[in-house]
Amino acid sequence: MTEKLKQTIKEEIEKLPKENQEVITSFGWEKISEEIGKKYLLMESEINDLQVETLLILTGIQSLDSYSINIENEVGTSKEKASEMAGEMLQKIFIPINDLIVENIKKSERMKDPKWDQNLDFILSGGNYSTFLDKKQNE
Amino acid sequence: MQNIIKKLIPYLFVLIALVGLFGFAGQVNAQKPLPEEGTTPSGGQPETPYEKCIKENPDNTGTCAGREGDPSNSGTKTAFEQEVDKNKCGIMNGSIYPGCFIQLFYVIFYIIPSWILWACAYFFNVIVFSTLSGALLKHDFVSEAWGVVRDLSNIFFILILLYIAIKIILDLAGHEAKKMIAKVIIIALLINFSMFFTQVIIDTSNIIALIFYNKIEVSTKGPNDKERPYQKTGYNDKDVAGGIVNAFNPTKLITPQYLNQAKTTTIDANGTEKTVEEQRVSPSIIIGMLLIAGALMFFASYSLFVAGLSFLGRLIELFVLIIFSPFAFVSSTIPLLNNVEYLGWDAWFKRLLKASFMAPIFMFFLYFIFMLIHADIFKGLASPNQTRLIESILSIVLPALLILILILKATDFAKKGSGKFGEVIMSGAKLLGGVALGAATGGASMLGTTVIGGGGGALLGAAAKKVGPGRISNMLQDTQKFVQGRSYDVRGIKIAGKTLGSATGMNIGEARKGGWSEMKKQQVEKRQKRAEELEKRGTGKEKTDVEDKEIKLKEATLPVKLDLEKQDKLIDQARIDLNDAKNAGNAAAVTEAEGRLNAAKQEKARIRGAEYKDPTTGAVILSKVTGGIADLETDVRTAKHTLTNKEESIAKNYAEKIMSTRSKILNSVFRLGAYSSAGADEAARKIRTGTKIDSGEKPH
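Chains as they are written, first to last, in this note's numbering: chain A, 6 to 144; chain B, 44 to 743.
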């Protein structure tokens, strides 16, 4: 990973909510994405591109729907390999990070005194823990 | 169960407190009147020897001349009045300036404000105590007016029963109508006790307020350490306002002590301080002192008047609330009247609690203010031996501002706080009321659920939850399911195995299936489907746009699909070769494989019309082609994004609409009460969160 990319990642992550920042920074997704990139025989510059695409998803700039296409176009892989890589990244990076964030929200003070409408939103959304996060942040 | 107990514990304590107040403790009254001595019937000022003499010798007033209090006797004039007299107004025996100016200021900023303050203080004392004593609220005219409203409300019951009958006949409200019947019967009994219930709440608040009122220690001791006499009114009030004003008595500003200070000025003569004592107080100082005293008196008048006025407002509001209590009770029977502004049950009950409990909250603050007065926190500001004029002024102005602002804030807090307090009380009342009414309705439903109707279901559910696990709870829950599951539709009643319609041969339509729960569920699903329809209708253009873009992309991709697949294969193969060459340490093979990989990537980019940069230099080799596959992919993504935004916006607007009070009222009116407000809220939330419809369909 280049120094410039490291700096960019740091800057983008700092823009996220504190809970997300802590999880993303401590998770070590850069290492995992590098390993996945190597597994798919990507060159160093291509791994950097893959990490940039991953960062765009983590920071919410890009939607997960377009992740596979972006890998194909920006990293320069075949459609099939891009799809496989996206699936693996989802399993090894995005889902665990999401689970950790949810876990942190559950443990945090915010969950201890939720509002009635947050509870209701949580139930109706089918268990979306961000309902606790959003309301508090909007206050 | 534990939660219920936790919730009920505070209310149990309140109940214990109320039992204590009403049951065993002696009646709480205002403090007994202080002995009255030397007061005049009208003033509240001490009776002077001159006035006493005039009373005793009404025909021979000449004998009283020269006694203390004789207006013609300049010896009775205050030090300040004597100082003012030194500045006479006139052309021959006085001066325009400063004489006339001082006289004018004296009238405007001393005589008038002190009279206004005196009036406001009396107003405050009288109105506060009179509203707390509760005697005014028990006047005959209140019960007479209440009787009239009660009789009118009783007529309403006939109309309500007619209304329910029509709804049942026309099948306009299902079991909701029968729910009303149960309520009507209960309320028709309770309406006769509406004044009693209302006054229980008011008396409770007054008793709490009187506890604080009686604890307030009023002191009106002046500089001579004597209590200023206060003439009580017929309401037996005490001089609370006098006690407040005494703490910062603005007339202290113009006592001989202050005037002597004002005559003394310290000047700086060539670096040494020199004290000069004048014969007269400088006119500018007199005017300044008058202005400060006047301002304080005006502010004190305003504060006391505002506080008094809010108590007057409380009195008027309580009059109205008592008188209209029967109507509020009636309104609780039908949803349409329940929401009537001011007189509907919800609004009425809220206002009753708010108006009632404003008094104890204010009294608590007043008690706190008196604690502050007794603490005399600014005592150290003016030292008794070497007090300068400015210190003396500040020692009056600062406590005055502190106390008067506190009074204004207390009024404000009392008004706001009573509203919040009312909400807490109301939630408790609902909790206890839910148990009581649910159990009552549950018992009735066990005796004849088919008569009472499904409306008790919700109450039964609430009661079952509150009662907790156990035989009674199970029984309530079973009854609830039974009650809520039935439509109570007369058309569904079977006579000898036939429905009413088939038995009579009349086409009266099909009986409605299910009860209130089913109706609510259907209402929620209907709203979700409606939201879906609106989204479909409102996003037609965006959807067409997405479809158009996707078609274009497909059309552009199809001719080059094989070429793209070919390049993909080349890319994968080149990667494998590159890796093998790296592992083998064959530099030439690495370069060759890298070249092939980059060539395939470049070719793929060219086919897609995408930008391609040199992997080593970063220079743009191929620019993005307008109308190329890459460009079209971006278009599709943008169009999809626009569509999602529009859908979310429509759903949000519709959810807000159905949650609005206006929509709820209109729907209740048009559906003749067969509309669930909670159902509307649930639907709105489901629409916002994109929840699936219970039947399995997804709204959007």
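Where hints are given, some of them may not hold.
What the hints assert, rightly or not - Once the Cα atoms are required to be at most 27 Å apart in a straight line, the calculated DSS-like pairs of lysine-lysine come out as:
hint: 1; chain 1: A; residue 1: LYS86; chain 2: B; residue 2: LYS181
hint: 2; chain 1: A; residue 1: LYS84; chain 2: B; residue 2: LYS131
hint: 3; chain 1: B; residue 1: LYS592; chain 2: A; residue 2: LYS84
hint: 4; chain 1: B; residue 1: LYS667; chain 2: A; residue 2: LYS44
hint: 5; chain 1: A; residue 1: LYS97; chain 2: A; residue 2: LYS44
hint: 6; chain 1: B; residue 1: LYS683; chain 2: A; residue 2: LYS11
hint: 7; chain 1: A; residue 1: LYS86; chain 2: B; residue 2: LYS569
hint: 8; chain 1: B; residue 1: LYS569; chain 2: B; residue 2: LYS592
hint: 9; chain 1: A; residue 1: LYS23; chain 2: A; residue 2: LYS36
hint: 10; chain 1: A; residue 1: LYS86; chain 2: B; residue 2: LYS129
hint: 11; chain 1: A; residue 1: LYS44; chain 2: B; residue 2: LYS597
hint: 12; chain 1: A; residue 1: LYS9; chain 2: B; residue 2: LYS597
hint: 13; chain 1: B; residue 1: LYS563; chain 2: A; residue 2: LYS84
Simulated from the structure, these hints should not be mistaken for laboratory data.
Status of each hint after checking the structure:
1. LYS86(A) / LYS181(B): With Cα atoms ~87 Å apart, LYS86(A) and LYS181(B) exceed 27 Å; violated.
2. LYS84(A) / LYS131(B): Distance of about 106 Å is beyond 27 Å: violated.
3. LYS592(B) / LYS84(A): Distance ~21 Å between LYS592(B) and LYS84(A) Cα, so the pair holds.
4. LYS667(B) / LYS44(A): With Cα atoms ~30 Å apart, LYS667(B) and LYS44(A) exceed 27 Å; violated.
5. LYS97(A) / LYS44(A): With Cα atoms ~14 Å apart, LYS97(A) and LYS44(A) stay inside 27 Å; holds.
6. LYS683(B) / LYS11(A): violated (32 Å)
7. LYS86(A) / LYS569(B): violated (45 Å)
8. LYS569(B) / LYS592(B): violated (33 Å)
9. LYS23(A) / LYS36(A): holds (22 Å)
10. LYS86(A) / LYS129(B): Outside the cut-off at roughly 107 Å; violated.
11. LYS44(A) / LYS597(B): Given that 27 Å is the threshold and the Cα spacing comes to 32 Å, the pair is violated.
12. LYS9(A) / LYS597(B): violated (38 Å)
13. LYS563(B) / LYS84(A): violated (49 Å)
Violated hints, listed in ascending order, are 1, 2, 4, 6, 7, 8, 10, 11, 12, 13; each of the other numbered hints is respected by the structure.
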